[in-house]
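**Student:** Each chain, written out:
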Amino acid sequence: MDISRYMAVPLGLIMAPFLLGVINRTKAFFAGRDGSPLLQAYFDIWKLLKKDAVYSRTTTWIFRMAPVIGLAAVIIAMTLVPVAGSSLFTFRGDLIFFAYCFGLMRFFTVVAALDTGSSFEGMGASREVHFSTLAEPALLLGLIALSKLAGSFSLSGMFGGLSGSDWMGAGPAIALVAIAIFIVFLAENSRIPVDDPNTHLELTMIHEVMILDYSGPDLGIVLYAASLKLWVLGALIVNIFVCAAGLTGAVGLAVFAGGMFLLAVIVGIVESMMARLSLLKVPQFLIGAGSMAVLALILVLRFVK
Amino acid sequence: MTLLMDSILVLLIIAGFLLLSSSRLSNCIKIGAFQGLMVGFLPIVASGSGITYRIATIALVIAGMKGFVFPYLLSQTLRESNTIKEIKPYIGYTASIFFGVLSLVASFWLDSRLSFSVAASSRLVIPVAFSMMMTGLFMIVARKTAVNQVIGYLVMENGIYSFGLAIVRDVPLLVELGVLMDMFMAVFVMGIAIYRINREFDHIDSDQLNTLKG
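Each protein sequence line maps, in turn, to chains A and B.
If you're matching positions, the first sequence starts at 1 in my numbering and goes up one per residue.
If you're matching positions, the second sequence starts at 1 in my numbering and goes up one per residue.
One chain only, chain A, in its complex shape (with noise of 0.2 Å):
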């Protein structure tokens, strides 16, 4: 079929990184200062990845498998997500099984993090649960919204079916699922509003503190997994906008990948203007997420026919 079809998991697979080169970047512009290369992710996880692994004898083999079962499943979900209209592979129903691909990855996270032993992690892990508890609704309700929209139950036919006229129609609705997608977004990879990347050793780090014991080839494919749920969220977003326009092939191809930069740069702005929030502040930022989606759910199903 169209070469977009193919492509799209070879590009998120390999674009994924560089999407955090050029979040740090923008950051370090707005710092001021010259930043990191933009393939700085690259080169961590290529020299973690040529590490030894070093296992606390607390730990058992739910800890080494955690990293491989959560890069599997980000990649299950990448093959779901549709890319200039069409994706990999596509089911009716597939958008609940692609949330599920980050439940599974959250839970053997934080598994994982409470194999260890160490109470610390155990902090973190109850806090991802937690925010993640309010994000869930927040990211599938929005997804509802869309399907409902689209008439389609599947990510690629929710996504095809959007198109300009919609966003005439439905525009309200339509901006307020990207925007709640946008906090979960920026919830599930733990970046500045809800948590803060760059720290390792406050009390409010969530994310960074569960993979604490993880050193060498385990480490990287933790952080490749991370990029690579960035990626896959992030085009739920850009696919919002750039569906609408209908193109397909290279030239959607290409589109896409200009939207994903885009929204890199938009995060690195967010995560300069923006402080973290307060620890308690945090579910009311996923709940006000959740409360768009359900506006946008009752819009649409109150008045689009």
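Be careful, since some hints might not be right.
[Stated by the list, open to error] Once the Cα atoms are required to be at most 25 Å apart in a straight line, the calculated PhoX-like pairs of lysine-lysine come out as:
#1 Lys47/A with Lys27/A
#2 Lys213/B with Lys144/B
#3 Lys30/B with Lys88/B
#4 Lys213/B with Lys30/B
#5 Lys85/B with Lys281/A
#6 Lys144/B with Lys85/B
#7 Lys281/A with Lys30/B
#8 Lys281/A with Lys213/B
#9 Lys213/B with Lys27/A
#10 Lys30/B with Lys144/B
#11 Lys144/B with Lys88/B
#12 Lys30/B with Lys85/B
[As the list claims (entries may be wrong)] Far from chain A by the CB rule (all over 10 Å, computed), these chain B residues:
#13 Ser21
#14 Leu37
#15 Ile44
#16 Ser47
#17 Glu86
#18 Lys88
#19 Gly164
#20 Leu165
#21 Phe188
In case anyone wonders, no lab produced these hints; they're calculated from the structure.
A virtual CB, placed ideally from N, CA and C, is assigned to each residue, including glycine.
Dock chain B against the given chain A, drawing on the hints supplied.
**Tutor:** Structure of chain B alone, referenced to chain A:
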């Protein structure tokens, strides 16, 4: 015009959510001002191309009052009372957002049960108006600080105003200005009341008024 109108109505709902979730009183005043401004511009957007000087005047006066005069009066009162945040509302902020979502669902349900002949171009007006009324009422009940209660009153008034706009569409100028005058007086009087509460109790929790009972 529906897209623009829908966007404004959605912004009104989001402003309601923000009001329910923010504890800083100066932020509440700003969000309330934004909502008032948006409500003020509704008649212009609703009338579309058939805009007249009368509608434009009403819209500008209302937007000016709700967007600038009331917030100014409220922030004056706030400055004198030395209060920054609502510390302990009766109902917490997270629960308040839940209420906001529930009231939104309820108002859409209510709208589907009642069949109004809507004069405005967007069918969204009625449920949004209901939801603003409920949000305002909720703020009056669930918040302790007098400033927040006044904002709740204004939000409720916004709801009633947009409801009237949706149903009647053309209200005589005199009635409109009369209502606005009443509101102005209300905010003014409540400002004085807040000032008095503050002088009597050193804070603006209206809760403390209970101690005045003999």
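**Student:** Does the structure break any of the earlier hints, and which numbers would those be?
**Tutor:** 4, 8, 9 and 13
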